[in-house]
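Q: For reference, the chains in residue letters:
Protein chains: 2
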Amino acid sequence: MMVSGSVNNGVSQKVLTAHNMNPKVRKAEYAVRGELAIRSEALKTELTNGATLPFSRVVGCNIGNPQALDQKPITFFRQVASLVEYPALLQEENAEVVSKLYPSDAVARAKLLLDSIGSVGAYSHSQGIPHIRNNVAQFIAERDGYPADPSKIYLTQGASAGVQLTLQMIVEHSKVGIMIPIPQYPLYTATLAVLDACPVPYYLNEDKNWGLTTEELQRSYDESIKNGIDTRALVIINPGNPTGQCLTEENMREIIVFCRKNKVILLADEVYQTNIYQNERPFHSFKKVLKSMGPEFEGFEMISYHSISKGMIGECGRRGGYFECEGLDNSVLEQIYKISSISLCPNVQGQIMVDLMVRPPKQGEPSYEQYKAEYDAIYFSLIKRASILEKTFNALEGCTCNPADGAMYLFPQIRLPKNAIQAAREAGKEPDQFYCMAMLEATGVCMVAGSGFGQVEGTAHFRSTFLPQPELFEGFCEGIRNFHVDFMNKYRD
Amino acid sequence: MMVSGSVNNGVSQKVLTAHNMNPKVRKAEYAVRGELAIRSEALKTELTNGATLPFSRVVGCNIGNPQALDQKPITFFRQVASLVEYPALLQEENAEVVSKLYPSDAVARAKLLLDSIGSVGAYSHSQGIPHIRNNVAQFIAERDGYPADPSKIYLTQGASAGVQLTLQMIVEHSKVGIMIPIPQYPLYTATLAVLDACPVPYYLNEDKNWGLTTEELQRSYDESIKNGIDTRALVIINPGNPTGQCLTEENMREIIVFCRKNKVILLADEVYQTNIYQNERPFHSFKKVLKSMGPEFEGFEMISYHSISKGMIGECGRRGGYFECEGLDNSVLEQIYKISSISLCPNVQGQIMVDLMVRPPKQGEPSYEQYKAEYDAIYFSLIKRASILEKTFNALEGCTCNPADGAMYLFPQIRLPKNAIQAAREAGKEPDQFYCMAMLEATGVCMVAGSGFGQVEGTAHFRSTFLPQPELFEGFCEGIRNFHVDFMNKYRD
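Chains B and S supply the protein sequences, listed in that same order.
Note that my numbering numbers the first sequence so that position 383 is 383, with each residue one more than the last.
Note that my numbering numbers the second sequence so that position 187 is 187, with each residue one more than the last.
It is worth saying that the hints were derived from the structure and are not from the lab.
Be careful, since some hints might not be right.
It does not matter which identical chain is meant; a pair holds if it fits inside one copy or across any two.
[As the list claims (entries may be wrong)] Mimicking SDA-like on lysine to any residue, the simulated pairs with C-alpha atoms at most 25 Å apart in a straight line are:
#, residue 1, residue 2
1, Lys391, Gly475
2, Lys372, Gly50
3, Lys490, Ala395
4, Lys44, Lys338
5, Lys261, Met21
6, Lys372, Leu47
7, Lys72, Tyr277
8, Lys418, Gly479
9, Lys44, Asp149
10, Lys111, Leu101
Note that this is a predicted model, so its numbers are computed, not measured.
Just chain B, with the same shape it has in the complex (with noise of 0.2 Å):
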């Protein structure tokens, strides 16, 4: 009798192996989360286990959390979310006692959610609470000034899940094709892995400033279609990851036109809205420009994706956000709720935070000053580092930076010596991994390569957040610069 388990043909004898698994999910890749950050949590154990390094401290520039370099969280929004944990502080006998910690404000908005949510330990509506998706469409409308439709709202836990949810839905077989930017966040390209969909890269061009033209996406559309690739949707995001780019209204009107003719889905990443660093291109919304075109457009169908992580918000660890469906099949809808009930619901916490960055204080609340004053302050700090790390990169050897418009993140080309290529091959890696990895090592400084995000053949990028701390920021600079110098001086042809 074969009792397996202990058969051994020279082969594994796992019956669950790297080989035999979900080739899709093999296939995925998430570099911002990939070699680079995993290096840089060793070496921030061995640092910790008391390890000599040339640096005393790992800093995270591979991914936007804020918190982790110790921005600090918006006040008023903490303090709401400490009372509906502790529903006893919102009782009369403890008024007083909580009044010397939370402000009045603050004890009000706790018991509305409450009084809406019942508790934050119970699964709530699968597409959300009520209530605050009631408020996220208030929000729209009085960003866009057209109305939204809480029905067609749904939070999510992040952004990125809701990215997830909606292309599951949209990919019918292995050769549909959705449309990406090139760089792009690689969240799109893990999810379309993993999906066994094709992307279709669209790329911006690095020379205007990373913009986008209608001639590129007919470029790639039809390129797609040439190929066998049936095309449905197109990703836009706005402001730019890792690019940093913003739309102009008129921009966007031609790409709306551009998914109209090509009846391509719109899904609209605006998860940086508020993100924003320049006065020449202010952010709008695809919903209200799609509204400012008027009745020949109604029906149009669109996804836009917005986010608690981003803005001056932060809060990337408690996974909230949101999408709104416009133009969607009501069948689609209902089957968007389906999915989303095998999830039961988004988590409660993440929800809330929602609300509050929808509904933050306003003008003559007891916590408005302070709240206005925290949010200025992160807003006018992350536009001086985002200038002080361009001019840094800059004036680096070889190195060219388009400014921040928006987001989070630089992403400049870097052009290395052959030497330093060819030291990359040798490695196994490519070049811009390799640059990368010998920053890391060299300064406790985590970045990503370009290669990651995608990037015009025989280019090497790689992309930073400008999120460390403000008192430290001319410290990190100087790492950098003094890394690439010495990389430049080891390696010059």
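Fit chain S to the supplied structure of chain B, relying on the hints for placement.
A: Below, chain S alone, put in the same frame as chain B:
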């Protein structure tokens, strides 16, 4: 020039419809939040809007959601959750005021957690916060008497997310089979539909208190192989959902032997491990039973799941849980990490509740007495309510119900009159669905039809939680009795 989006050939003009969307998503069914639950939400809204219905309150017994039915959360857990949200409470200057609201051990735990986390608003390690994974490992070791490895523990957004993620790893192609119990919790069939894999049903024996035999497992496995299915894993839910049975240690050993013999991975859904309502079959984890079987079973591949949503905690809305991998290939563990990283991290408040679940207050600590009292009150009340509801069901004409040895549900069989079955067919419904819908419309009580879980052909069941409030429980049972009498009178042959 054809400008589409306005073309209409009698079919939907939409780019995305229920007909051309992902057919795997369309196929998935999740009865727990299906038609009945959607109708119950609509009834709730009608009541809120002042409608006159035959009942004054909708009672959701379709889902194990204790806090939605006013079960109080464990105070200590919420105190810690509240403190970590608002770190100013932990500062020395607030110590005196805070001590009036929070016990010292809650303050100490919150400080300890924030020391290792930094901020609940930061993305954590994608596998979960290392400090909390260490504590989970210690909990497992103490529970089982065998060590656990934190590097093989993955924190998740609830057990559902863990099940979805791990099934996704295993499904290589569309002929991969996963053995599931019938009746089953429909997360499994829904997830397998989305993954395009084959559910391989094995039947629990209702006449033997929903018992499970390895003969039936072998029959099911052999039949799947005969049908060309590549069966690779076995799901065991212990205690059972919806069936509430608890496995004996001997039975568990046989299951492990079965798995090894047939080279299938064991997936042990143990989320109800503390919901045990009898002494004959206490909970044993599969991990412990496996380890007790000695070195012959070294390398056995198993994944077990746990959750903060069930037990006496009932913190469903936070979405927290973990799974532990045993014997899995390292290359597979790396892939699990990678796929987790694409979703960044489980929400941090959910992770914190996992910490609290595995490290509740200990005897002698300030919060212990209150914790113990709250825990026991819920526990003994669940035993009592399970028994009252079981007796209620067994007293109904045509109804038989096994006792709940564990979990949160009863799953009675109901023998419906021919006229009722006829009426159901005419309404285009399964007979049990028809019965449950009639109950909902008459009483406001929402249960789930057995057809949503799977059942022996020609039988009818329904699942109900026994979570309605203790003080309302007799009235709840009375409502069911009255409805049933009316229903039978209406349809009796």
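Q: Next step is simple, just say for each hint if it's right about the structure.
A: Now for the hints, and whether the structure bears them out:
1. Lys391 / Gly475: Cα proximity of Lys391 and Gly475: one copy only (14 Å, versus 72 Å across).
2. Lys372 / Gly50: Neither, since 41 Å and 41 Å both go past 25 Å.
3. Lys490 / Ala395: For Lys490 and Ala395, only the intra-copy Cα distance (18 Å) is at most 25 Å; the inter-copy one is 86 Å.
4. Lys44 / Lys338: between (42 Å within a copy, 19 Å between copies)
5. Lys261 / Met21: between (40 Å within a copy, 20 Å between copies)
6. Lys372 / Leu47: Neither. Shortest intra-copy (38 Å) and inter-copy (40 Å) distances fail the 25 Å Cα cut-off.
7. Lys72 / Tyr277: within (20 Å within a copy, 47 Å between copies)
8. Lys418 / Gly479: Within one copy only: 24 Å inside, 81 Å across.
9. Lys44 / Asp149: Only across copies: Lys44 and Asp149 sit 20 Å apart there, 46 Å inside one copy, limit 25 Å.
10. Lys111 / Leu101: both (16 Å within a copy, 18 Å between copies)
Consistency note: the structure conflicts with the earlier hints numbered 2 and 6.
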